[in-house]
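Got chain A sorted already, so can you dock chains B and C onto it with the hints?
Protein chains in written order, with the working numbering: chain A, 1 to 223; chain B, 1001 to 1259; chain C, 2001 to 2055.
One thing to keep in mind: the hints can contain errors.
What the hints assert, rightly or not - Computed spacing ranges between beta-carbons, pair by pair:
| # | chain 1 | residue 1 | chain 2 | residue 2 | range |
| --- | --- | --- | --- | --- | --- |
| 1 | A | Pro45 | B | Val1033 | 54 to 62 Å |
| 2 | A | Asp223 | B | Trp1022 | 19 to 27 Å |
| 3 | B | Ser1234 | A | Ala82 | 28 to 36 Å |
| 4 | B | Val1173 | A | Asp46 | 38 to 46 Å |
| 5 | C | Trp2028 | B | Thr1119 | 27 to 35 Å |
Keep in mind that the hints were calculated from the coordinates and are not lab data. The structure displayed is predicted, hence computed values, not measured ones. The C-beta atom is built at its ideal place from N, Cα and C for all residues, glycine as well.
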Amino acid sequence: MLTANVAWAIARKDLRLELRAQYTLGSALPFAATMLLAFGFALGPDRLLLVRTAPGLLWLAGMFAAIDLFHRSYQAEAADGALEGLLLSPVDKGAVYLGKAAAAAVQLGALFTATAVTVALLFGLPVGPSPVLLALTTALGVIGLSALGSLFGLLTVLGRRQAALPILVLPLATPVLIAAIRATTELSTGSTDQVAGWIGLLVAFDAAFLATGYLVFTHLLED
Amino acid sequence: MKLLNTLLIKAGSDGAQRLLGWATLVGLFTTGVLGLLVVPPDAAQGDVQRLMYVHVPAAWLAFTSFGVVFVTSIAYLRTGRIRWDRIAVASAEIGVLFCVLTLFLGALWGRPVWGTWWTWDPRLTTTVVLLLIYVGYLSLRRIADSPSRRAHWSAVVGVVGFVDVPIVHMSVVWWRSLHQEATVVRPGAPTMESGMLFTLLFAFLAFSVAYGYLMAVRLRVGRLEDHAATSVMSQASPRPRRPVSVRTAAAADGGENRG
Amino acid sequence: MVVRTVDNLGYIITGYAVTAGAIAAYRWQLNHRARRARVLITALSGRRPASRRSR
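Isolated chain A (complex conformation) (with noise of 0.2 Å):
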């Protein structure tokens, strides 16, 4: 009770935040479009190379676009000495991440939806006859983003210099990546027998980082 409490306090923080200051789609959905754009002019104007590889553009360049935002969630964070208000407040440290995670997963949500139709409309990448399970892809692949960006995220406001986050992040998303683009590449062309067993592992995925990110979270903060 008390660990959700936190969480939702958390997340309402962040997003309150969001809101005022209008980070996601005022900055990170440029960035997205840019390297979509360039991406575009790397593959040039072939419609059908384009399609093809459409769903993976559309998630990498959100993916790149996130660990900006992941970056920007824990700036606030470090600002005015609030980490060490939330250091000292008594509180379940995991709360603290799963608050941060869901309110970055809200964040990446508006982020892939909106880049999602920069991608249908620049590279004509179809929806597909089931956008319920799109979505699904969409919000799972986000939710395990989220977990990873919102554990290691922290690093990048703490210590000498700033954390890496890329090399850190994008090596252990390899399973998001290849599961949410394979089934995004799916859903697209039509075919949906893939697609249960794609869910399934972002599934395993997202509640293997949820749990370990939960009881880690404590230590990144040990001082």
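Just chains B and C now, with coordinates in the frame of chain A:
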């Protein structure tokens, strides 16, 4: 874990270390002689298959090292004893070395047999992801601002990274099975000729001894480096813990100029 | 036939040599690091440290 601890303490003594060093040297040299000169070439692949006697033990060692990192990371998080952190980082470093070696030897082997340096085979892909995770582990250690933080952070990565490995492998296997390529013929253990099997087992043993030896040396270096870092910090602090003699102060000056 | 054998010989020799070289290089680097740490400790304390000192 207790066993590992006592083993490492034993391996840390001077005599044991020298003995291990010689055993490593003899073991690796014998592996080379056996693999290159004694064992007959493989019927299907010819002489290239000799690379197996170093490639497979190296891979096994890399995976074992990362397993050790996982176990000792958990031990560190539970007990907070710096000793576990030292073992974890030593094992991670050696694991990265052997992981790079594995990939390099695999490429050397793959080029004549498969006709390519690299293929997106599940095992290869998992190995390269694994390597990147532990390179991240080592790079994270450079940015922490205190030894305790460094130990906690890297222990977290040691745990999270190893939890990730089965999921990575599952996803990669599945990803590749969607567009099946010709099945790679690898020398399988069951049909292996007894001389080859003996050489491989000997190589496993020799590499494991090498791991033990490198661990013992690396642990000693880790202690020395930590000690050096502590001395630097106590010298740099404004209030030294004990009165500074003229000689120590001069030495400290020299040290600071040096550093 | 002859060309193929020579090619493969190159791969094998490279593989074994690099394995030995990598382990030796790592061992040498450890030695180097130990020496540097010892020099630093000696410079800062003015005396040699005990050889088996933990922490």
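Can you list which hints this structure breaks, lowest number first?
-> Going through the list in order, the structure violates hints 2, 4 and respects the others.
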